[in-house]
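A.B. asks: Add chain Z to chain X, keeping to what the hints say.
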Amino acid sequence: MSAAAAWGAASELTDVSGEVAIVGVGEADPSGASGRSAVEIGAQAVERALADAGLEPREVDGLLYRSGIGPQFDEHAFHRHFGTDHELFVSHEGGAMTWAATAPHVAAQAIRSGKAHVLVNVFSVDWASRRGQMTGGPGAFHAQERMKANLEVPFGWFPQPVYFATVARRHAHEYGTTEAQLGAIAVAARRHANTHPTAVMRDKPLTLEQYLARPMLVDPLRVEDCCLISDGGAAYVMTGLDRAADRPKPPVQVLGVGEGHSDTGTYWSQQADFTATPQVFSAPAAWAMAGVTPADVDVLTLYDPFTIVALMQLEDMGFCKKGEGGAFAEGRNLWFDGGGLHSRGSSGLPLNTHGGLLSHAYVLGIAHVVELVRQLRGEAANQVPDARVGVYGGYTGATASTLVLGRA
Amino acid sequence: MSHRLPLPDVGWQPLAGFWAGAAAGELRLPRCSCGAFRWYPRERCRDCGAAHHEWVRTSGRGTLFSWTVVRRALYEPFATFVPYATGLVALAEDPSVRIATRLVDCSFDELRIDMPVHAVFAPLSFPGIEGSVPAPFFTPTR
Numbered sequence: 247m248s249a250a251a252a253w254g255a256a257s258e259l260t261d262v263s264g265e266v267a268i269v270g271v272g273e274a275d276p277s278g279a280s281g282r283s284a285v286e287i288g289a290q291a292v293e294r295a296l297a298d299a300g301l302e303p304r305e306v307d308g309l310l311y312r313s314g315i316g317p318q319f320d321e322h323a324f325h326r327h328f329g330t331d332h333e334l335f336v337s338h339e340g341g342a343m344t345w346a347a348t349a350p351h352v353a354a355q356a357i358r359s360g361k362a363h364v365l366v367n368v369f370s371v372d373w374a375s376r377r378g379q380m381t382g383g384p385g386a387f388h389a390q391e392r393m394k395a396n397l398e399v400p401f402g403w404f405p406q407p408v409y410f411a412t413v414a415r416r417h418a419h420e421y422g423t424t425e426a427q428l429g430a431i432a433v434a435a436r437r438h439a440n441t442h443p444t445a446v447m448r449d450k451p452l453t454l455e456q457y458l459a460r461p462m463l464v465d466p467l468r469v470e471d472c473c474l475i476s477d478g479g480a481a482y483v484m485t486g487l488d489r490a491a492d493r494p495k496p497p498v499q500v501l502g503v504g505e506g507h508s509d510t511g512t513y514w515s516q517q518a519d520f521t522a523t524p525q526v527f528s529a530p531a532a533w534a535m536a537g538v539t540p541a542d543v544d545v546l547t548l549y550d551p552f553t554i555v556a557l558m559q560l561e562d563m564g565f566c567k568k569g570e571g572g573a574f575a576e577g578r579n580l581w582f583d584g585g586g587l588h589s590r591g592s593s594g595l596p597l598n599t600h601g602g603l604l605s606h607a608y609v610l611g612i613a614h615v616v617e618l619v620r621q622l623r624g625e626a627a628n629q630v631p632d633a634r635v636g637v638y639g640g641y642t643g644a645t646a647s648t649l650v651l652g653r654a
Numbered sequence: 341m342s343h344r345l346p347l348p349d350v351g352w353q354p355l356a357g358f359w360a361g362a363a364a365g366e367l368r369l370p371r372c373s374c375g376a377f378r379w380y381p382r383e384r385c386r387d388c389g390a391a392h393h394e395w396v397r398t399s400g401r402g403t404l405f406s407w408t409v410v411r412r413a414l415y416e417p418f419a420t421f422v423p424y425a426t427g428l429v430a431l432a433e434d435p436s437v438r439i440a441t442r443l444v445d446c447s448f449d450e451l452r453i454d455m456p457v458h459a460v461f462a463p464l465s466f467p468g469i470e471g472s473v474p475a476p477f478f479t480p481t482r
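Protein chains in written order, with my numbering: chain X, 247 to 654; chain Z, 341 to 482.
Bound-form chain X, shown alone:
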């Protein structure tokens, strides 16, 4: 799209296809307010990921996390928790959101240069416990940005549900997207959460009729279109592909990584193509590195803070044409056991088979990658038959990222 070139670009990433494998995954118990700190939650996730990988803490020589999103399970916490003191390669280019997709690229470079051989990427959050201390909840980040604090917050165009309600209405105007189509994404997420053992919304079914009967929160979005606020976290362990076969679980290899950004950053109000995401730039780069196309994908996880964000990414990653995301998501098309499987020629694709940010837990995308690994191993709660290629789409607003995983 020539119009796309005007508002963002893909990052230049060296080709790391087939170099790295994910050999262990672990999820901390997600919940509402638990009273646990993010660091404690991160420790539980890393313990479980290492157990899954059959590795001891002292065998880990690289740690990836994101600083600046609140205290994380960093190298100090690692050594304190495990009673170790060895050298660790540390990168702050890890964690969740877009970094849950790009951390394997950082790991690949560390492995290439010999800086590390066994790397853990971890993210955890305690926002359910800390909700009361945060201006506008997760909106605190945006309230601290001075341009937004002066031009948006005073007029009530804040926080995120307001941004994305505005996006959703414009998307509906341009493409005819309906409330029932947004609802189909919320219902699919809930259907998956209902049969996923750790999902926060496991015991709360949601039909499309119930969805449509719910009141508006920020038109055209209802509470059900918005993510949860949770305590939780997850971690995954990476090694070079050559070492991965020694691990107890079937390795999952990193086929491709992409990253794209919007020139207007998190100033959503000014993004030239208001109803698109930087997946427009990120996804094609990841497809090229991986040597796969959207038609090859068996299972998809998308960063879904709002239904409309998942819908736009479906379009922007090329799973359907721009504007047809609503039709793509309709009915049971996104259910792991409902719609026709994409690869078998009908529309739809299993999406967020753990329940996503909408119904599993708001752990900012790290659990989306854990879920893909489980799908590709064949051990998922909502198993897609014979899943071979899985993709994660990450999103921060300013940036989108794409991770293509495949059975090794």
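In case anyone wonders, no lab produced these hints; they're calculated from the structure. Just so you know, not all the hints are guaranteed correct.
If the Cβ cut is set under 7 Å, some of the chain X residues that face chain Z in the computed set are [as the list claims (entries may be wrong)]:
hint	residue
1	393
2	397
3	400
4	403
Think of the CB as a built atom: it goes at the ideal place given N, C-alpha and C, for glycine as much as any other residue.
C.D. replies: Below, chain Z alone, put in the same frame as chain X:
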């Protein structure tokens, strides 16, 4: 230069021209010597790279690019305003310039995407927060 959210900091230099305009009952926006509006204000012009810009009076007219009605307060200072309509206005002179605003003097039912709107000026204030700032709001042009 401390101020209390959600009131704007009218003394913050990058936006001082905007708030001075509002105090004079004008919608002023930053325009580069090359003619391009620079919104939000930034160090350099996206089109020509120049550093200098001037705050110029605009027509205060535009179209409603998109909006939402906030039914339940998501942010405590707005609790007394709900339900309220907020959204983005595309400036008549350059529709790529979008101004975040609260929509006033209208019923929610009459709001339509791309309808003509214009700026009206009123004091912005919040219960329990000291002070008030003249600010541009938008209303449908009938």
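A.B. asks: Under 7 Å is the threshold here; is the Cβ of residue 400/X close enough to any Cβ of chain Z for the hint to stand?
C.D. replies: holds, 5 Å
A.B. asks: Can the hint on residue 393/X be confirmed by a CB-to-CB distance to chain Z that is less than 7 Å?
C.D. replies: Holds. Min distance 5 Å.
A.B. asks: Return the status of the interface hint for residue 397/X: holds when the least beta-carbon distance to chain Z is below 7 Å, violated otherwise.
C.D. replies: Since chain Z brings a Cβ to about 6 Å from residue 397/X, closer than 7 Å, the hint holds.
A.B. asks: Classify the hint on residue 403/X as holds or violated, based on whether any CB of chain Z lies nearer than 7 Å to its CB.
C.D. replies: holds, 4 Å
Checked against the numbered hints listed earlier, the structure breaks none of them; every hint is satisfied.
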